[in-house]
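As you go down the protein sequences, you meet chains C and G in turn. Going by our numbering, the first sequence opens with residue 1, and the numbers climb by one from there. Going by our numbering, the second sequence opens with residue 1, and the numbers climb by one from there.
Hints are computed from structural coordinates only; laboratory data are not their basis. Please note that the accuracy of each hint is not assured.
As the list makes no split between identical chains, a pair holds if one copy fits it or if it spans any two.
[To be verified] Taking lysine to any residue pairs in the SDA-like style, the calculated list, with each CA pair at most 20 angstroms apart, reads: (1) Lys21 - Ala54; (2) Lys386 - Phe510; (3) Lys386 - Ala431; (4) Lys386 - Ile427; (5) Lys386 - Ala502; (6) Lys386 - Glu413; (7) Lys386 - Val505; (8) Lys6 - Asp399; (9) Lys386 - Leu425; (10) Lys21 - Ala53; (11) Lys6 - Leu393; (12) Lys386 - Arg191; (13) Lys386 - Val32; (14) Lys21 - Gln402; (15) Lys21 - Leu393.
Note that the structure is predicted; figures quoted are calculated from it, not measured.
Protein chains: 2
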Amino acid sequence: MSASLKVEWRTSVAVTGTVVKYTAVAMAIPLVVALVYGEDLLVFGASIFCTLAAGALLERLDPDPDLGPREALLLVALAWLAVAVVGTIPYLLAGYGTESTLAHPVNALFESTSGFTTTGATVMGEISTDRHSHALLMWRQLTQWLGGMGIIVLMVAILPELAVNGADLIQAEAPGPQLQKLTPHIQETARVLWKVYFAFTVGLAVVLYGLHLLGFAPEMDLFNAVAHAFSTMPTGGFSPQSESIAAFSAAVQWAIIPFMVVAGVNFALFWHVLAGDTRDLMRDTELRTYAGAVATFVAVVFGLLYAGVAPPLEIGGTTEGTAEPALRHAAFQIGSLLNSTGFATSDFAQWGTYGQLTLLFAMFVGGSAGSTGGGIKIVRWLIVFKVLRRELLETAHPDVVQPIRLGGHVVDEDAIRGVIGFTLLYIVLFALGVLVIALDAARVGLELTALEAIGASLAAIGNIGPAFGRLGPFGSYLALPATTKLWMVFLMWVGRLEILPALVVFTGGFWRR
Amino acid sequence: MSASLKVEWRTSVAVTGTVVKYTAVAMAIPLVVALVYGEDLLVFGASIFCTLAAGALLERLDPDPDLGPREALLLVALAWLAVAVVGTIPYLLAGYGTESTLAHPVNALFESTSGFTTTGATVMGEISTDRHSHALLMWRQLTQWLGGMGIIVLMVAILPELAVNGADLIQAEAPGPQLQKLTPHIQETARVLWKVYFAFTVGLAVVLYGLHLLGFAPEMDLFNAVAHAFSTMPTGGFSPQSESIAAFSAAVQWAIIPFMVVAGVNFALFWHVLAGDTRDLMRDTELRTYAGAVATFVAVVFGLLYAGVAPPLEIGGTTEGTAEPALRHAAFQIGSLLNSTGFATSDFAQWGTYGQLTLLFAMFVGGSAGSTGGGIKIVRWLIVFKVLRRELLETAHPDVVQPIRLGGHVVDEDAIRGVIGFTLLYIVLFALGVLVIALDAARVGLELTALEAIGASLAAIGNIGPAFGRLGPFGSYLALPATTKLWMVFLMWVGRLEILPALVVFTGGFWRR
Ligand SMILES: [K+]
Ligand SMILES: [K+]
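The shape of chain C in the complex, shown without the other chains (with noise of 0.2 angstroms):
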């Protein structure tokens, strides 16, 4: 608790100038990519500096930065508005003088806060390195990899701190690391997790590249390989390739879903795998119904395909009456959206309606807490329906009170009124969304259907990415206007700091006392 009664906004502007340098750093990565292929360097050299010297800036505002819990919130929002903006800063340079849509300042800024939020929705014209260079896709990849990392440092230092929207469940139910209060032991924590996040990512490139080397993947050189490996730890969904993973071999497509479907899993639970100890990854009850979410819908979706009733069209092949290529592509559709990875090996935008709207829900269910994935997460739809459960016993028993209790322990009936807050005002801001994202689309005469504007809201709030119609995987947002993107913005960036974080830093209580 801080002791101070008004926010110490410098402080968190100048922990936010740290971030910022990080960022720059992480840019070496695509000045090498320049440097193998001998792509031009000024670009990534020139946004070095910019990046530096913005970060250098606001880290003088404050020499000695002491951040108490206010700060921090104020922190992670200011943060991820900050790395999206000098995020920017490849695209409006590589894009200068160029016909390139990322030259124009509001698509450089959705392009870039949908790779740090991990959302994947792109406004990028045409994806392909002989439009763009090998440098900027790899940043755009990285990005969302950098997005990841955050994500990481948020769960474990800034939510469970605030114990609200439910976030310190993952305390109550990981088996793994104690998430602690904001001292040394917090980045012994994220350190922990980095590195379970930073094995993946590093296996997946592994696996994709030996695919490659083995024959089975001619596509997918080293390039492809970094690159999708960087996007799919993050749940984060952003491809090199225009088609997305359609673009790869079958084998390609089976081995990149076992780890989309990890990226949505509790990290803290493979501490303990690491550790040579599996039963309590058995026992999770989040993990369990994720799996079970996941198994469902998998089927619903192979059933559609394989009757040939939402089949995938041009892209993706045939799947009537196809056992393969029907489990395939419900397998790596719902492994890509229910967790909001937003990757897709078909055109579901060209599926039927109710394969479509099976997807929708799907994108509705999100990943667990503690992983990398967007949405309401299902730790939370686990407390949404033990208290819709609770509230029907109570009709009939109004004198009975349960305590709701999730793996075995009783769940708080504070963090419950989070949780059940939390749900409301994500259904309540996706809805929102939805009329605005329809309506402002309207105003300049770009009629939306109603599933694209469901889509697109549900895509940004749930950082998944794709949506429905021209908003599909292989469409992109780049016709809505640019107030309609400035507003997706938000909603990536609010969704992103799981709502409250966010949201709370435009009430004037926030600020006082």
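Mind docking chain G with the ligands on chain C? Use the hints.
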């Protein structure tokens, strides 16, 4: 509190029998209509006989019924089902051997449930006095009016007793009669509210027929005046005209608007108005919010219509740049859809996406507690928004817990939990409804658009009636498969019973202990 340890279902069934007998008495009205128009008397003669017999049989299960709280719950769940079932008898008898769509039992049950739940969704093929007797069409209108009387009993006698889903908020909020427990007082309260309901019904019929006599409404004969008065005050929405209120003059449309709006107001408030005190009316939080919501939505829709962005097409005439029709259609459609009436003066299913989306949002609002309106309802939205604001505040100040106030009173935390539980359950059932409707229709090769499936689910659970597309105000639900219709019957029934009292009878906990 009942002292009995198990649910005395015989008691509930016996009282249901009494309700069924009263329904038979009400069938005398269409019998009189048949007499006046020289139509077949056998249909309603036989219906009355069958219904009386069914009621008398059921009553014999318990000659001296004494309702405890759970028996009362079971009673309302059964009563709405039972009257819907006996309500099909006239449709089946009149349709026997003809081409009438209502000759099919599922269609008859849909139409009857839609009537008694005051939903107003229809599967009648051609709606006109050429095709159906005046008596049958009047019976259809009357089911809605009887449903409205049932809602008043539900509100006064059953829901406050439960102290769940926030229904007891009427008590805290209403400056009118104190809504008491299951005592002789209840009958008094119900009688006062019935008088208000009856007075407005008569008032509307007089106004409509008066307009006819004065030459302002050539089509609005006595039959139509009474028929529409029957379906306005219960927020029903049925009309013996296939073109709903678009079949009548602008004067009629203007005249109906205030009565529709009034039907969404807490009837208890009019008790004070009748006593000459209008101050409490102005001070009531829910009423002010309702008025504000109506005004805001009317302004938006007026803007869209006036600007020609969402023009009424064939039905309703042009509104672009013409203030009176634009304002009339805006006020009418919002007055009708926001509180769940479901009348139409324009085929809003033909409006642009933005116009339809605005109406869809209005449909989520619902009427006031203590009115015949369906949906989530104003007072619950007020609580939900106050809860969300409190969660935001607590994000910044975790140690501050503020009570939630409404109209100067602190709202009990149990009531708040009930409201939140209701709202979430409503949203979950609505979403499930969309999925089931879309998938089940697709099963028989009927591919609904997203807006059709979304609209149908909301129109059923919110007891609104019309949806969008082919299920719009001048369309019908006839083309849906029988299983979808039965699912919608379930949604209408659940929605009308305020969800929890309906669902609870399916839980094991209701029948135990
Ligand atoms: K994503
Ligand atoms: K209605």
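Q: Using 20 angstroms as the alpha carbon limit, work out where Lys21 and Gln402 are close: within a copy, between copies, both or neither.
A: Neither: 50 angstroms inside a copy, 41 angstroms across copies.
Q: Up to 20 angstroms between alpha-carbons, please classify Lys386 paired with Glu413: within, between, both or neither.
A: both (12 angstroms within a copy, 18 angstroms between copies)
Q | Up to 20 angstroms CA-CA - Phe510 versus Lys386, copy category | A | between (31 angstroms within a copy, 17 angstroms between copies)
Q) Within a copy, between copies, both or neither: where do Lys386 and Val32 come within 20 angstroms Cα-Cα? A) neither (51 angstroms within a copy, 52 angstroms between copies)
Q) Given a CA cutoff of 20 angstroms, do Lys386 and Val505 count as a within-copy pair, a between-copy pair, both, or neither? A) Intra 31 angstroms, inter 18 angstroms, cutoff 20 angstroms: inter-copy only.
Q. Is it within a copy, between copies, both, or neither that the alpha carbon of Lys386 lies no farther than 20 angstroms from that of Arg191?
A. neither (34 angstroms within a copy, 39 angstroms between copies)
Q: Using 20 angstroms as the alpha carbon limit, work out where Lys21 and Ala54 are close: within a copy, between copies, both or neither.
A: Close inside one copy (8 angstroms), not across copies (80 angstroms); limit 20 angstroms.
Q: Can you give me the call for Lys386 and Ala502, within, between, both or neither, at a CA distance of at most 20 angstroms?
A: This pair counts as between: shortest inter-copy Cα distance 18 angstroms, intra-copy 27 angstroms.
Q: Have a look at Lys386 and Ile427 and pick one of within, between, both or neither, based on CA distance no larger than 20 angstroms.
A: both (18 angstroms within a copy, 15 angstroms between copies)
Q) How do Lys386 and Ala431 come out at 20 angstroms by Cα distance, when the copy is not named: within, between, both, or neither? A) Intra 24 angstroms, inter 18 angstroms, cutoff 20 angstroms: inter-copy only.
Q. Given identical chains, is Lys6 near Asp399, meaning Cα to Cα at most 20 angstroms, within a copy, between copies, both, or neither?
A. This pair counts as between: shortest inter-copy Cα distance 16 angstroms, intra-copy 44 angstroms.
Q) Which holds for Lys21 with Ala53 at a C-alpha limit of 20 angstroms: within a copy, between copies, both or neither? A) Cα proximity of Lys21 and Ala53: one copy only (8 angstroms, versus 84 angstroms across).
Of the numbered hints listed earlier, those contradicted by the structure are 12, 13, 14, 15.
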